[in-house]
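J.: Put together the whole structure using the sequences plus the hints.
If you're matching positions, the sequence shown starts at 815 in this note's numbering and goes up one per residue.
Just to be clear, a hint being listed does not mean it is correct.
Pairwise CB distance ranges, derived in the manner of DEER restraints [to be verified]:
#1 S886 / K946: 35 to 43 Å
#2 N864 / E931: 42 to 50 Å
#3 S857 / I947: 43 to 51 Å
#4 P833 / E931: 29 to 37 Å
#5 K872 / D918: 33 to 41 Å
#6 N999 / A939: 25 to 33 Å
#7 D838 / K946: 25 to 33 Å
#8 S835 / S903: 40 to 48 Å
#9 L856 / L958: 22 to 30 Å
Cross-link-like lysine to aspartate or glutamate pairs, in silico, EDC-like; alpha carbons within 20 Å at most [stated by the list, open to error]:
#10 K946 / D918
#11 K880 / E869
#12 K820 / E887
#13 K879 / D838
#14 K880 / D834
Quick caveat, the hints were computed from the structure, so don't treat them as lab data. Glycine is no exception: its CB is placed at the ideal position from the N, C-alpha and C atoms.
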Amino acid sequence: MSAHFKLNYSGLNYLISSPDSCQDRNFLFNLLCHCSYSSTSLSSLQLISNMDRKELTKTLYRLLKKGWLSSSEQINESKVHIEEYDFSSYLPDLSSTGSVILADMSGLIVSSAGFPEDKIAYLAASATSLLKINEAAKSRNLELCNGAPWTLNLTWGDLNVMIQPIAIGSVQFALIVGGCPQFNNQSFYQLIAILARRYIK
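T.: Next comes the structure, spelled out in structure tokens:
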């Protein structure tokens, strides 16, 4: 088996697609909380997973087969700053325009960047209200048929936004993005890792 393992974008999409807890999702959340965007070795994974080597190897093979982990023969491991909880530094990188709002499902704004101040509260309230009444948003994303969790588009005046529901365990959020979303980057991993450390660990 390859020496180093990393949560990939498909695995991250699987994590945030459903609030349902299961062994695979719990393992990947644990990996994300400890390693975020970086790779880690089998011996390091043993320390954070509470699994024996046989069980861990079986789990890794299963997740590699599902396409939720990537492997490499040798990658330098890097430390993650567990104490860092600054959402605002990651949000601008998630949109081509730098306009992003992170809100909880009651419409409370957790953090925002780029949007005009007079539109933030309305967008957060509208987005979360639409998610709560939309049947597609309520259903589980068991089969990520398009490779990503379900999203919702909203037009308000001259604003066009994409709303991405994010499940962190049983806690859910709405990520409201103006412009083209840019999620396959380190900032998205770090944002989800911070939320996971806060609400799961």
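J.: Sort out which numbered hints this structure fails and list those numbers smallest first.
T.: Hint 8 is the one this structure does not satisfy, whereas the remaining hints hold.
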